[in-house]
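Student: Residue-level listing of the chains:
There are 2 protein chains.
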Amino acid sequence: MYRFVFNGERNSAEQYGILSFMSSLEAKRHTLAHLLAAAMQKLHPEAKPTIGPAIENGFYYDFDTHSIKEEHLQALQDEMTKLLPHWTAFSREEVSAEKARERFKDNPFKIELIDELEKDGATITLYTCGGFTDLCRGGHAEHPSREITEHSFVLDRVAGAYWRGDEKKPMLTRIYGLAFDTKEELDAYRAQREEAKKRDHRKIGQELDLFTFSELVGSGLPLWTPKGARMRHALDAYIWELRAKHGYERVTIPHITKRALYETSGHWEKFADELFRITTREGKEYALKPMNCPHHTQIFNRRPHSYRNMPQRYAETTMVYRDEQSGELGGLTRVLSITQDDSHVFCRHSQVRDEFFKIWDIVDTFYGTFGFTLRVRLSFHDPASAEKYLGTPEIWKNAEDALRSIAKERGAEHFEAPGEAAMYGPKLDFMATDSLGREHQVATIQLDMNLPERFDLTCINEHGEKERVVMIHCAIMGSIERFSAVMLEHTGGNLPLWLSPLQMRILPVSEKHHAYAEEVLAILKTAGIRADVDGADESLGKKIRQGKVEKIPYLLVVGDTEAAAKTVTVESRDHGKKENESVSDFVNRAREEIAARRA
Amino acid sequence: MYRFVFNGERNSAEQYGILSFMSSLEAKRHTLAHLLAAAMQKLHPEAKPTIGPAIENGFYYDFDTHSIKEEHLQALQDEMTKLLPHWTAFSREEVSAEKARERFKDNPFKIELIDELEKDGATITLYTCGGFTDLCRGGHAEHPSREITEHSFVLDRVAGAYWRGDEKKPMLTRIYGLAFDTKEELDAYRAQREEAKKRDHRKIGQELDLFTFSELVGSGLPLWTPKGARMRHALDAYIWELRAKHGYERVTIPHITKRALYETSGHWEKFADELFRITTREGKEYALKPMNCPHHTQIFNRRPHSYRNMPQRYAETTMVYRDEQSGELGGLTRVLSITQDDSHVFCRHSQVRDEFFKIWDIVDTFYGTFGFTLRVRLSFHDPASAEKYLGTPEIWKNAEDALRSIAKERGAEHFEAPGEAAMYGPKLDFMATDSLGREHQVATIQLDMNLPERFDLTCINEHGEKERVVMIHCAIMGSIERFSAVMLEHTGGNLPLWLSPLQMRILPVSEKHHAYAEEVLAILKTAGIRADVDGADESLGKKIRQGKVEKIPYLLVVGDTEAAAKTVTVESRDHGKKENESVSDFVNRAREEIAARRA
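From first to last, the protein sequence lines are chains A and B. Just so you know, the first sequence maps onto residues 1 to 599 in the working numbering. Just so you know, the second sequence maps onto residues 1 to 599 in the working numbering.
Chain A on its own, in the form it takes in the complex (with noise of 0.2 Å):
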């Protein structure tokens, strides 16, 4: 199984092929990249080298060229593959700076590297393998002929890159290739991706009609037409179900606050950068706030709280609002406007564990509805950037030492993420595995010792005193938009019934059995079904294959025989077809089908 994130990380590997730590697959990739740069020096010598490292998946390599195009890549795969018998071994040299220039003269973008490493005073290194030379810091396979197999790579594509990724500089031409250990296992990486590539959740979204943009509106601002509107209203819907089981309460605040309460939080300092935010017309300091925790926490402090009402739960479907580079925004993965399921628990030391283990039979029922499977990271801070958090030592180890004996307890398959912490606690973080193999981070729990103190909440406990409370913030779905990315991938756009925005369509054969098809809609709608007619003036082939592009579950055909004797015929997304069934029966199957789902 391959495990990538989604939508990962950065690759913080890809300045001058430097990997730290660099396993044998990564050796290879690496070694693939300076073979790319041989073939392009005897196919295309114009073509200077510059950079290339390996990344995940494989290699890519810079060349300053513009001449190179996806049709030229059969020919450098085949140099390289004939190439690559003669690459036994690479050869090592340590060289003066001076020497390094002489040998790059004509490459003014090793010379700039070469002059960055003098300056740094670092070792410079060339390596050599199969009679071409590289500027590099090393980590290649020892024996590439041996290690590397016939047909476990691949040229994959050309795209534009600036220099340094810098878009003043020059626009050069990247080339990426894939690489594995084995011919198999890039031909399962390739199969997964072009799945992938059919559930974008871009292309289902457009499909199933959920969402749009606007270039008016701007990128990272998603606009729910009615049926995504209704997807995130059930989706939302079913986590107030099962947050109503363990006493979550409704909340509501405003987008924006004064700068002051972010002051009091931390978050003007700390989250700067991200915080949008507006200076009203009498000249005072507002932020559109990127998380709800601050505002929650003045509900809380309204008034005093006794140990008898505590814990107290209080939860908000609501967007928050962070400036993101626009070059980071894409589809519903990174967006502007992130409506987060948020939840906040106040309560006493001694009730974390309960409440931690109720969020976390929200989430394994949540998640287990639609098949994910789940493992936990727990994610905690950094010591050696303690700059970074807020609060004490004690405090951070008290809660890390909490959240790892809950887990323990529950028994769940976990991991410990140092560096992973928020920046007011430590978390336990959710990865779901799709059905693509593919690991997202979805929901969080997190414990907080440090808002308590900033904004000094408290319940009375049974002695008459003032007692510290903690805070626990919870996202079962993350974001709406970020689990529907996650989960219209996942379900390729089948979505299950009791979530689907439109679960059944009806098609008249004909213009003459439009009356009964709307008897039948009729029918569904006091079902509490979401239903619809196919009224336009077409074949019935072609209604047929547009209500699978939609990907609706059922679809009802209605003829002369299904209007005499009251039924319907059933085209079903999931479960084949069945003719004539009496349209009561069918409605009873569907309401089954849809109470099903995990409660």
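In short, the hints are calculated from the structure, not lab data. Keep in mind that the hints are not guaranteed to be accurate.
Copies of the same chain look alike in the list, so a pair counts if it works inside one copy or between any two.
[As the list claims (entries may be wrong)] List of simulated lysine-lysine pairs, DSBU-like, C-alpha gap at most 35 Å:
(1) K551 / K198
(2) K578 / K512
(3) K566 / K99
(4) K99 / K110
(5) K543 / K245
(6) K198 / K466
(7) K284 / K197
(8) K258 / K198
Based on these hints, arrange chain B on the given structure of chain A.
Tutor: What follows is chain B alone, placed relative to chain A:
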């Protein structure tokens, strides 16, 4: 019945006592301001008079003193009563600026006014009555002693006020008086005001624990507690229920947009002052949405629409933001974060009448449920200020003619108000009269032929041609915040059962009845009723009093008798007491009461 606008226009006559048109009541009020100044001169000659106009419900006069307090009002009022019989007629004298300055040489405030009148080339007049002379433009009762009846006025309160409303100028002492034509009217006003004070929605909001404000978040930004959010949710769900019958569909948009959207819509220019603007870290310009229509046009425009699928009816409950001046913020009546229950119908011209009538049905049902009476204002444009509006005179004429004929056909009480239109089209504004006789502007339906032009909104008609559509904007509650304020004062916080955030509370007589109380609670919850148990260690009497403060519709007392017989003793807020009613009978009764809401 007194009609005064709840969240009213500001008094424009508070300068120099000038009223361009003066009713006889206003003339009396103005006269009483003079009389107050005369009484002050007798009792406190050191307190220099400045200005004193008639205002809504009475008058005031500002004096340059800091030693007059509430306790001096009775003596001043007695003095006014003593002087009044001698005030038989006003004499008028035109004087030069020089002479006026000589007359008021000890009063720098009057000198400042005289200097300004001189600069403006205005006639300077002095008015004298009962031996008291003031700088004034006139507009008094002709025979004060005859016209102003005994006990028809009263000195009301003392407040600080800056000279000419400017906080950089000296602080004066303002004395407010109330004055009406008769003692009866004065008494009625004071009684109504007393009742209104008891019903102030801020007070009720506190007692029912519905919303709160935080200094850190800022004024005008209400935070809704669990109970308040339940109430909002119940109101909103009711609106959706009424809308669903007429084919409205939910859509969802973000709260921000690029500037381009409002440049196209015309809001960037015409709404400029009230827009909260945001500049991102990349230097892009965004705005917080002050309305939803431009975003909704972008959802409509995502694809072509056949005439077969018209109208499209989009609705959304969502917050909009307007940069109000902070002096204008107070309670829920004027907020920065406004939750609109907004909708936009995109339809053909031929469908406008039917769509208006559908909305009108919703408005009648909704406001009828609360016992408001409605009349309709046809808010038209002001042809003299054409620059305030979008669109051509023909578009406006067509739209206004359409509204006029719709209102006529509907046969509802209506009147026309030029200058009250929206930027993009005329409106039907509904005015609701509440239980205290006050009139509030509530729902609004707006016809818009301008945004469809600006955004090029069309459908494909029967002939395969593009046809320009029209938009109907409508909010039933207007905003949840403002409607909540009006409704809380209208009901005095005695919310109908379906809307009460807490529909009933179970009061165990003592500790040993807690188990049975929890048993009853479980039954109520299963029946979908919002209830809790008062488990505090307090007397039954105290618990009942607290329940009445919170205006809970039903208090269910459970003691030995009730626990043994599986009954409850019902203390109803509205229908008296019923002892030992079986739990199931009571639940049925309550559910019937809830279901009796208009639909």
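Student: If you check each hint against the structure, which ones fail?
Tutor: Number 3 - this is the single hint that the structure violates.
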